[in-house]
Each structure stands twice: as structure tokens, then as C-alpha cells.
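Colleague: Protein chains in written order, with our numbering: chain A, 1 to 197; chain B, 1 to 213; chain C, 1 to 174.
Capping the alpha-carbon separation at 25 Å, the derived lysine to aspartate or glutamate pairs in DMTMM-like fashion look like this:
#	chain 1	residue 1	chain 2	residue 2
1	C	K35	A	E73
2	A	K168	B	E204
3	A	K168	B	E208
Between beta-carbon pairs, the in silico distance windows are:
#	chain 1	residue 1	chain 2	residue 2	range
4	B	I53	C	G144	53 to 59 Å
5	B	E204	C	T11	50 to 56 Å
6	B	K209	A	M93	51 to 57 Å
7	B	K65	C	L27	28 to 34 Å
8	A	L12	B	I66	39 to 45 Å
9	C	E45	A	Q104	56 to 62 Å
10	A	A61	C	A136	35 to 41 Å
11	C	K5	B	I90	46 to 52 Å
12	C	L27	B	L169	43 to 49 Å
13	C	A136	A	F94	51 to 57 Å
14	C	E45	B	K120	50 to 56 Å
15	C	E45	A	E64	28 to 34 Å
16	B	I66	A	E64	27 to 33 Å
17	C	T62	B	K8	55 to 61 Å
Because the hints were derived from the structure by calculation, they are not lab data. Every residue gets a Cβ at the ideal spot worked out from N, C-alpha and C, and that includes glycine.
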Amino acid sequence: MSTFVALFTISLNAILAENFILVKFLGICPFMGVSKKTDTAVGMGLAVIFVMGLASAATWAVNEYLLVALDLEYMQTVVFILVIAALVQFVEMFLQKALPALYQALGIYLPLITTNCAVLGVALLNIQNSYSFIESVIYGVTGGIGFTLAIVLFSSVRERLEDCDCPKAFKGFPLALIAAGLLALSFMGFSGFKVFG
Amino acid sequence: MNFKKQLKEGLLTNNPVLSQLLGMCSTMAITTTLFNGLGMGLSVTIILICSNIVISALRKIIPDKIRIAAYIVIIAGFVTMVDLLLKAYIPALSDSLGVFIPLIVVNCIILGRAEAFASKNSVLASAADGLTQGVGYTAALVIMCIIREFLGSGTFGKGVLGVDGIRILPEQYPALLVVLPVGGFLTLGCLIALTQWVNRRLAEKEREKEAVK
Amino acid sequence: MKNFKYILRLTLTLLIITAVVAGLLGLVNYLTEDKIDELTRQKAETAMQEVLPAQNYEPMETSTDGITEAYRADGLGYVVRVSTNGFGGAIDMMVGIDAEGKVCGVSIISHSETASLGANCVREDFRAQFVGADSALAVSKDGGTIDALTGATVTSRAVTNGVDLALAFVKEVG
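Okay, chain A solo, but in the shape it has when bound (with noise of 0.2 Å):
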């Protein structure tokens, strides 16, 4: 039960409380830059969840059985962006023989992921939370989602935006900033609540 809790606990936060991109910052560029249109966000959103996940399985096993094995832990950024770089390669690869329909879905943002700063910071954040197995892969999994939910809910923030009417300098990046801003703003709601007591 109490296993249950705390992955319910790490699962909530990740998607709300401690959202990715609006109150960790992790992960902004693609949030930036491929949210003007719903769909794109959602092919993005979904490429991430799958590879944040099988990042945190990844870099979890590679930490635990290679690098704190042979006392390389100082190795841990080099190797795990190799990992990621590695995996999204590989996926890449996979998709495209075995899920074709997929892979047209997905592929052009699985280059994007490797300098996603998400994959590489729920990577490090395992590490440093001291996560176990199953903890980092529901960790990865659900951090993907909450990455998911704010940059769906922010292209169709943005998809109006395109026509408003605002001063010149604002218009386009400076504008679309402010709205995450109270996008951010209204995550700062699912701060601080807590789970079973």
C-alpha cells in the first residue's frame, strides 16, 4: 500500500505540482518552439513521454550496474547523454521498420529529444532523489506526461495568440512568454498540496 502511495505521490507531482516546464524549467525550447499548433504538440508530447521513460530505465540500470559499480559516478552527465542520444537514435531506427504509422507520427521530433533538457534532467533528478527502479521509470513516464499537458494546453494558448492585437515589439516570442507566464501561474494552484496527509 504504501509503495502505492509514494508512486501515486511522485506520479501527481511530476505532472502537476512540480510540472516540468512550468515550475522546473526543464525543457523550454521545445515547449517554445514546436507549440504553435495542437497537433504538433501532441506528436511531441507523446515522443517525450515514451523517451523520458525509457531514459529513466536506461540511465537507471547503466548508473546502477556500470557506474557506481566501477565508482565512475563523476561520468554520469557524459555517459547518460550518450544513453539518451543513443536511445533516441535506436528508437528512431525501431519505429521505422516496426511502426511505420508511428514513426510517421513521431519522427521528425525524436531528433529534437537528445537536447530536450527534460531527458537529461529526470535523468540526473532520479539519480539525485535517489529513486528506485520503479520509482524512475513512473517518474519519467509521468514527468513526460505533465510536459504533455503544458504544451497542449499552451498551443492552443498560442493558436490565438497569432492574431491578437498587441504592440509590435510583443508580437510573436515576447508575447507567447507572457502567456506561459500565466500559464505558470496557474500551475502555482497545485503547489504544496499534499497527498494522504
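Chain A is already provided as a structure; the job is to place chains B and C on it using the hints.
Modeller: Chains B and C alone, transformed into the frame defined by chain A:
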């Protein structure tokens, strides 16, 4: 390409944060005190110069197909070195920046400059590019920090000028909201709008000059 | 054949770069390792001296979740190192408890809380609230006596829970 022009580009017309819109995660996340901003800015500048030099020196050796992977390994190497050195010699900075130091690896500025500049130019020009872009990044961070620290905590120079900095606003007035994530988005939004405005004015002036000629 | 040579070249280049980077990192790590260990140890020691000054600290066994280290301090009391989850990650703190089971000091060793908000948990006036307590604590929002830091209830709760854990631990062994 002369240095003066590069500096102007790095600081204003092609500022990595305010014009190229790169590396925004760290820009918003850590700019709550001047100490953080300066520390992050300098770390990134050093890494950017080093990685630009090495990548430019190796640009003819690294095959095109694996260049991104090679760049990432080189960058990650420098980032880890800086991380370890900070932990050993400036532990206060390492504590307050936390996970954002290793995350410099995926800071798009560094990979971006490697791909856009260092892989095509000489070592010296790349070093200069690293320096000017790094200074531009640091400048953007410092401006963000000063604004957010003043409005959010009511102080100036926290961590740099004494532990609590210089208090400007009495403790009960500052708007806490500004040091929260919301404030990061809002401040950066306004700063980018300002940069766009300045850049447009500059461009207009140039055009007027040309017209007069 | 040409293709094979090309692939070999790709692999070798990447391998050499990685090996050089790994070698350099090993060197930097070798140079900084002792210094970092020394700093970490020093930090813990300063915190122990701060919460309960003593000549000797005798390590004790712990198996409680969240309690990372515990020491008996010369018969003056106990020093317990606790780690709880705050807003931005783990908060690592040292709690000193005197022979009568009262808290005599709390020191935050490391944290990753938001600057100007949760990061204020290192402030003297916040930590001083715990001194003298001998039973379960809670922040005022939850009906307790500890005044939470402005805008950082999660952090305040985490520290309070940490002190609680230490108190419970000492009650059990003492």
C-alpha cells in the same frame, strides 16, 4: 569578421538569449540572485570558449555523419570538468545551481554555436565567438537577475556583496511572484520585447542613413 | 570495402574522442576528489559542532527511512542527520537533541529549494523555532507551532518532518 562586430552581435543584435532565443531553461530557472546569474554566465562562457576551440580544431577530422555525437561528448566532458572544479573550489555556487550545471550539456547555445560557427571557422575566430556569445549570455542573465532580485527580494547583489546583498526595498514590499517561475517567464518576455524594439530602431536608423547617402 | 573503411573511420574517431574525454575527466576527478570529499566531511562536521558541540561523536546504527547518520555525542545527547523531500529535492539537515530529549539545534547542510523562498530555511530565525521542542511538531497551517516561511510551506513542512523524525528516532534508542 572583426572582434568588435562579433561583440556587438553577441551583446545585442545576435544575443544568444534575447535574439536567438537559445538556452532559455537556465535563463529563467536560475536568475533569482546576482550570484547565480554571474556564476552560471561565467561557467557557460568558459565551456563555450573551450568547446568552440576544440571543435573548431577538430572540424576537419570529425566526419560529418557523427559530428553531433562527437560535439556532445566534447561538450559533456567540459561541463563535467567545470562541475567537478566548482564542487571543489566554489561549493556555494555548485550548491545553489544544483542540477543546472550538468544540464549545461543540453544548453542549446553551446551545441548551437558549435554547429553554426565553430564547425566552419578558424580556431581563433571560434574562440572569439565563444567569448562574445558567452558575454552576451552572461549579460542577459545578469540583467534578468538584477530585475528579478530587485522586484522579488528587494535586494541587489545577493551572494556577491555579502550573504544578503544590499537591501533596497524594505522586506515587506517585494513581490515574491517575480522570483517564482511566473516571474521568469514575464521578465524574459518583456526583455525580449525590448530587444526586438531596440533592434528594429537600430535597423531603421541604418536604413535612414543609407537613404540620406 | 570503401563502405567498411568509412564505418571504421566513424567508429574510431568517436572512440578516440570519447577515450580522450574520459581520460581527461579521470584526471580532473583524481585532482578534485579528495578536495570534494574533504569539503563534504567538513560541512557535516561544522553542522554537528553547530547543533551540539562535543569532543567525540560516536556513530550509531540506523535503519529508519530518512535518517542517514546518527551519533551519540559524549553523553550530552545525540546528533541525527536527516534527509527529507522538500520542494526542489532532498533537504539534508543535522538535528541536535540533548540528553533530556529536547532539540538544541537544527542546521541545514544542503538543499535545492527556490532562492528567496524555500532557500530561506537556512535562516537563523526559522531554525531557532525548533529549539527546545521535545514532541511532535507541525507548521501552524497544520495546527502546529512552527511558523512556515512565506510562500514556502512545502519546505517548512519538510524541515519540520525531518526534526520530527530525529526526535522519534532518539526517543526510540534513548
